[in-house]
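Chemist: Residues per chain are reported as follows:
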Amino acid sequence: MKEIVALFVVNAKEFLRDRMSVILVLLMPVAFASFFGMIFSGEGSWRLELGVVNADDGSASEQFIQNLVTPGLEDVVRVKTASRAEMEAALEAGDVDLVLILPEDIGAALEMGKPAVLEALTDASRPESVGTGLSLVQNMISDANLALSGSPRLLTLETHTVQTETLRMIDTQMPGMLGVAMLWLGLFGTAIPVVQQRTTHVLRRLSVTPLRPSALLAAHISWRVVLGLVQAGVFLLVGSLAFGVGVQGNVWLFTGAVVLGALVFVSLGYVLAGLAPTQESLMAITQLVNLPMMLLSGGLFAIELLPGFLKPVSSILPLTYLTDAFVQLMVGAPALHPLWLDFTVLGGCLALFLALGVKFWRWE
Amino acid sequence: MEGAAVDVQNLRKRYGDVVAVDGASFSIGAGEVFGLLGPNGAGKTTTVECILGLREPDSGHIRVLGMAHGVDSRQIKARIGAQLQDTGLSPNLTVHELVELFGRLFPRALPTDEVIALVSLEEKARARTAALSGGQRQRLAVALALVNDPDLVLLDEPTAGLDPQARHALWDVIRCLRGANKTVLLTTHYMEEAEQLCDRVAVMDHGGIIALDTPEALINQNFRDTAIEFVALGEPPRQQLAALAGVTTTLLENSHLTLYSNDIPRTMAGLFELSTAGVLAFKDMTVRQASLEDVFLKLTGRRIRA
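These protein sequence lines are chains X and R, in that order. Those letters in the first sequence? Residues 1 to 364, by my numbering. Those letters in the second sequence? Residues 1 to 306, by my numbering.
Hints may be right or wrong, so weigh each one.
Stated by the list, open to error - Partial list, computed: chain R residues near chain X (C-beta under 10 Å):
#1 ASN10
#2 ASN92
#3 LEU98
#4 LEU105
#5 PHE106
#6 LEU110
#7 LEU154
Unchecked claim - Taking lysine to aspartate or glutamate pairs in the EDC-like style, the calculated list, with each CA pair at most 20 Å apart, reads:
#8 LYS2/X with ASP149/R
#9 LYS298/R with ASP225/R
#10 LYS283/R with GLU235/R
#11 LYS80/X with GLU111/X
#12 LYS114/X with ASP57/X
#13 LYS124/R with GLU14/X
Unchecked claim - Not everything, but these chain X residues come out facing chain R in the computed CB check (under 7 Å):
#14 LYS2
#15 GLU3
#16 ALA6
#17 ARG17
#18 ASP18
#19 ARG19
#20 THR200
#21 VAL208
#22 LEU211
#23 SER214
By construction, these hints were calculated from the structure, which means they are not laboratory data. C-beta atoms are modelled at their ideal positions from N, C-alpha and C, and glycine is treated no differently.
Model the full assembly from the supplied sequences, consistent with the hints where possible.
Modeler: Here it is as structure tokens:
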């Protein structure tokens, strides 16, 4: 037992003193998730930047612009006014999504009830904002038409979302990257240092002491499980402070998922370390495992978005099940599988990887 | 040998087509400093690795401290200390941390500071191993071999690649071990090291032991003569050289000649006569007492470090 404690402490010291592995294993995943979170944050909403060019100078057209945004859409549409030349430049630069041009005679038309034609300028290179923007503007203009014609508004539409909170990008990014963090703990935090210790004969030296391999593995693995828990803590800290992402489900189940995930991928690390004869071949094998797992297990990209032929691949990746468990437990998002199935698959993977890891273990 | 610390009988080990050890037998008595001397590739390291239990012999018997590997591996490992060739030292740990860690791996260990003092690394105790010089690394590797106060210490080329000062510092450590009555198995390809440190020396070549005795006896059995070495310029007249007064043996490797003589003045006079007559031209002449180097040269026809 004292040798396990001693090796655990030494493992922790070695890890914390190796700046590269601290960055790669501990900080990269959360930085990655935060980066995506920042890019796609803004409460997950989209806003129409509407530019208005007023060619008329009467008070009626000023009035029209002030009342242009239908009540209820104030959060979604922001109106700016400027000259036509300025607005064209702003549209090109992407500062406004759509430009509405009020003709010279609009004031007279509004006062006398004569028809007038409004012009809209769009940027065809951004079809998504053009489509949504145009329909919003259409709506606002029909509302204005109704108001001008003096007829009462008989029908209004109230919208309610079924989910209390809409899922933002960051809501799937945080659990997804936490899963990737567990994977990296196994690849960069286990397989690479183990092969390094083997090629530099550190393991060989240990093998001529009475140390049992099981004690060495127990120390290595328990340190890495602690590291996995620390990592989950960092995710929750950053997630809850910066993005309001915490654990909505059962905290103990979440902790269990972290421990199980760390165990699965650390054991996978031992399997890979046993298979790779050299540091170079390990790098190749690592990427072979890392890329499909990262891209296809639902953490970075939703599985529904994958092309059909890749979906079966995603269903055989252990990370898919860990990510699924994390997504359910952290943000309460709809799941691919029930939790018990995720845990069962991960437990099976752990048993398999442990058996293979011991089978392929080499001191030198 | 009864009560031997190490007993090796007919050890054979091959790697594929290469025979590394070919029927080596020897015994090391308790408290003895025993040297395995031979060039690189002679089979010294494989022999040590078989004694350590790192490799399984193809055939032959090994008993270590009266025990056999496979049955008593962990008990054996608990009582031996090993310094391997290029010992892996975790770069991010300090000397103190590493010695302390190894202490924890054994059922019984010496105090960490004591072990560090044994190899005179006190000043580097708080330094990371990555910051150590080659000599300091070797001394640390030896320290790790001493941490469990072992009955048997195996040192595989402890001074290889070290400068003379670092080598002499390690020799002092090994002399200390002899003083503490430890059994030591030392491999080396430095003749001088074997002569200085070892009670008995086994000369290994091509996987076999070709001579085994005390260094003095090995030299006396083979030579009572003085060696004259020189480099011949052009084809040396071998027969005339062998016929010189006092010459007992001549050895030629490439243009490097060694004459062993029991009558130095007359042999030298003869050499200068040949030189004056223009039969022999030479450079770099040295005259010295015969050493283990000469034993190896005589037994194998080669120098240990070609």
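Chemist: Any hints from earlier that this structure breaks? Give me their numbers in increasing order, please.
Modeler: 1, 6, 11, 19, 23
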